[in-house]
Amino acid sequence: MPLKKPDSIHEDDDCLFAVEYDGPPLPYDIPRAVPINMDRIPVAAVVSPVCISAAMSFPVIQPILSIDSTKKQLSREKMVSPTSVIEHVSDSTAVSPTEEVSGELEEETTARGLAFCDSFEVSEEKESLDNESVLSMDYPSSRVTGDCVSETGGKKQPVVTFLGIASDDDDDDEEEDCNQKRTRVVPVKKQPQTKGKKGSCYRCFKGNRFTEKEVCLVCDAKYCSSCVLRAMGSMPEGRKCVSCIGCPIDESKRGSLGKCSRMLKRLLNDLEVKQIMKTERFCEANQLPAEYVYVNGQPLYPEELVALQTCANPPKKLKPGDYWYDKVSGLWGKEGEKPYQIISPHLNVGGPISAEASNGNTQVFINGREITKVELRMLQLAGVQCAGNPHFWVNEDGSYQEEGQKNTKGYIWGKAGTKLLCAVLSLPVPSKSISNASGDQLHSANSRSILDHLEHRTLQKILLVGNSGSGTSTIFKQAKILYKDVPFLEDERENIKVIIQTNVYGYLGMLLEGRERFEEEALGVMNTKQSLIEDEEGDAKSNIKTLYSIGPRLKAFSDWLLKTMAAGNLGVIFPAASREYAPLVEELWRDAAIQATYKRRSELGLLPSVASYFLERAIDVLTPDYEPSDLDILYAEGVTSSSGLACLDFSFPQTAAEENLDPSDHLDSLLRYQLIRVPSRGLGENCKWIDMFEDVGMVVFVVSMSDYDQVSEDGTNKMLLAKKLFESIITHPIFEQMDFLLILNKYDLLEEKVERVPLTRCEWFQDFNPVVSRHRSNNNNGNPTLGQLAFHYMAVKFKRFYSSLTGKKLFVSSSKSLDPNSVDASLKLAMEILKWSEERANICMSEYSMYSTEPSSFSN
Amino acid sequence: MSVSELKERHAAATETVNNLRDRLIQRRLQLLDTDVAKYTAAQGRSPVKFGATDLVCCRTLQGHTGKVHSLDWTLESNRIVSASQDGRLIVWNALTSQKTHAIKLPCAWVMTCAFSPNGQTVACGGLLDSVCSIFSLSSTADKDGTVPVSRMLSGHKGYVSCCRYVPNDDAHLITSSGDQTCVLWDVTTGLKISVFGGEFQSGHTADVLSVSISESNPTRFITGSCDTTARLWDTRDASRAVGTFHGHKGDVNTVKFFPDGHRFGTGSEDGTCRLYDIRTGHQLQVYQPQGDGESLPVTSIAFSASGRLLFAGYANNNTCYVWDTFLGEVVLDLGELQDSHKNRISCLGMSADGSALCTGSWDSNLKIWAFGGHRRVI
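First to last, the protein sequences are chains A and B. Quick note: the first sequence, position 286, residue 286 per our numbering, numbers continuous. Quick note: the second sequence, position 14, residue 14 per our numbering, numbers continuous.
Note that these hints are calculated values from the structure, not bench results. You may find that some hints are simply not true.
[Stated by the list, open to error] In the DSS-like style, the derived pairs of lysine-lysine whose C-alpha atoms are separated by at most 30 Å in a straight line are:
1. B:K157 <-> A:K724
2. A:K828 <-> A:K461
3. A:K723 <-> B:K157
[Unchecked claim] Covered stretches of chain A, as calculated for chain B (at least 3 residues, CB under 8 Å):
4. 217-227
5. 708-719
6. 816-827
Keep in mind the model is a prediction, meaning the values are calculated, not measured. Cβ atoms here follow ideal geometry from the backbone N, Cα and C, with glycine treated the same way.
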């Protein structure tokens, strides 16, 4: 007889388990299973103390019930033959009537169940794990419990639900269901109490359902006015219990986001309320979770959702659910329904549209979607020929053509009547952005904040460090020019112009100083000559005028210039006076003496190398209507402030080739980088604020290669200074795990200089021996040049130094900071390193030798 | 006189000065036969005792998304401004723990913030452009949520490490900077009134990290610097420091006036806090945590209203010791209490009435601690 009973169960709820249980020869399994159930229940009880919320007491009750039921089972099992699983089922169904009563309370208790589930997020994992272990250990036993639960729930297929919880946790709906069921059981015991307190505050248990209360967006807990501030704290994500902070909101409450209740307004002042409502609407945790929105059958990625929400015509009232989207025309609607709106077309979201997207049956197709009857009606009334079940292509402007034909047949929404018609049939028409300017504004504010969040997520920070004079500012400016559409604003350019002009006057002053010196020297030489060759005395007077002498008028000007410079107010006087002095400057520049001095500029120590660039164009630059070109700005000194920090947000523009090659790289265009240039001053020993840059992705350290023979004011070699700074930065505890890219800058200068001045001038490079340290090189034109060798040598020096201190690999790149391509290459390398560091585990870093940097260093 | 001769004489003079300074320090050490702790112990006093609920975290201010670097109270003790690495200044209502303003800064690297005495404006300073910006809380934000800067105090040549309003004077502000100077500003015009240090020999010789202005005598302020000294200044006389206080062996990260205005406390990278007397120039007490482990740098300090307690945040997990200033003993560690911070405590602030302490931490939260139970404010 026992065999029959299982059969009946099969019929009732066609569950798998009965099949498995078909053979009843394992009667002892079930008794064994029950203790395991017991185990499971205490776990739930243990977990509950984790929750601090007021709803705490409920979870405890539920296990009691289950213990009861299991106890019943236990007792039953002792009496009845253990084989009859069904007995228990029937047993629990017998219990169910009492639970049915609780159905009245369903609404409230469900809410409580949610509260409980959300505050329990941490514990859920544990619980489910437990479930799993139960399952794996003893399948039948778990089935029994599953059955019980299902019976009490009374709606869904029990086994499926149960397996759903146990096997995959990520299905939220199932989980919620489960929790609902569990808590629906709750009121059985708690009923009188809850009834008494129905509608009371969740914290102080006072008040009734008519007292005004604020509701938690996540767990639906209600708090009275005296408790709300304590229960919700500073509301960093809007109206949520402290324990719910960080959790996604209940989707049904999305509509109330940012809508303030009267109670809050009463409790808090306007400013506070405004802040709360703002954060409530815009904080990340409250945004629509992308994976709940399906477009053309595919769940969205977060980036796609952002693209959708930030387009010119975003879908209104986007909720979790299934949508179809016609990318060509921009038609948008709910899955299986007629179009609801026309949004921006050509958005790369979701999958391809299916023919049955709107569940049409007209056999007329628009962009591959079978349209609905209403649409067909509209088309007919709009005068579109629909005979013969045509397939239309409709563009976003409403122009349509038949599939396979080239000529546009007309515009669907061309006539005013059609729009009216659409309104009658409640079909969408293309929105004119002008018509709802206010709405657009709202959207743009919305989208901006969303973009802000996106930025937060994908902004990679690169710290650019280097000694003064190493070229960090040039690289920074170069990046600005490379990656910004408008590198410098109008007023910025105006400022830069003034700076450049002041600089040029400064250079001129230095030239004039040099001229005086040369004149003195020349005179001195001449005097000695004169003393030697006494007989040429007659010519002495005329010879006093040397190559470096200038006329009295220019002399006066130059004296005045030098005096102003010495007084230090060059910057104050000159930009204003530039118009007045421009002709004089021109004359001065053309003077033979100045030209002669200029030829000997290499002897003027103070004159920076870029001076010649400007001096040669001095006349142009000093005219009042001079406008600095990008190159001028690049060359100009002192454009980026030397004392403060400068930062630049950019993203690498994608080349067409990259786009074609790798469409999966599409997301990279969303990756934004921030280049932060920090002043070299104060970086020294007391890097007081360096821990502010803990979150940077990598550090780019710039060293000027041509520094090897230069000496700073206090007599130390500049290369050694750079090494010292390098050491203090790489050994800083904040940068312990950081990637470093060393840019050896001014390769062009090095190439030129290394031929004249041996690299061994710097004591760190004593063992540079070009013949011995000849490297194999990618350079196909025979032997590498001395400059290349010197660069390789320095790179190896730094790498060894770095790995001796940190035991890691240093990335090295060379660049000429004045050459946009080489800077671009170096920064792209930085980007690559950032990408790689994300997948470090997969890549063997040791493979990366300095040779791989060579294409970037020398191809330019 | 030739250049080399001049150089020689300069070197000799420098050495003399250094010798004299060393002798001064030696002499002070000789004279220092006792400290506050020994004296108080000799008087038979016992340290302050804390029960479990005597100091409790009563508010947690959540809303920043980055490390909190600085905070300041208003004079009425009901509002707090905090600056965080997320690039925002948030003005909090300390009683309701709600935000009243969230000011997005053009630069995320903000290091300091201050509330003006009348509570109408806030100042902040940091790394970008070495500017101290003043925001008026009454000005309305545009739709991006950015509040226009009402005044820029620019002129420093290094980062602005600290800014404090002169008590009871909304028009004046003192900033300290990485360019080794401090500047007294006229906020209304945005111009410098005087520069302390820099080219003058008696100024700091390294980055100035902290400023504290005396409540009782607003012309006096002290500064702490990377040159391991603290200096006392008079706002009326910018040419020289009134006093220089040696003793620390590391950067002086933070300075704070003792409530009576005659003493001040310092916190340093060397892991100690010290108490100095302004009138005698002596060091009164060293507060060094017990234990032989590596000393933890002090990030920030605050005194209780009476001065009996010294709160000091340390640069590890979430340690914040409460020292009995008289006996030199740790009486409490805020990090051990319930609801404590989860990361380093970077800034401390005692409300003007002494009823509550606010702590800001790298865990992006601020917490307000108040004396619970029947304990009266000390």
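Would you pick out the hints that fail for this structure and give their numbers low to high? 4, 5 and 6
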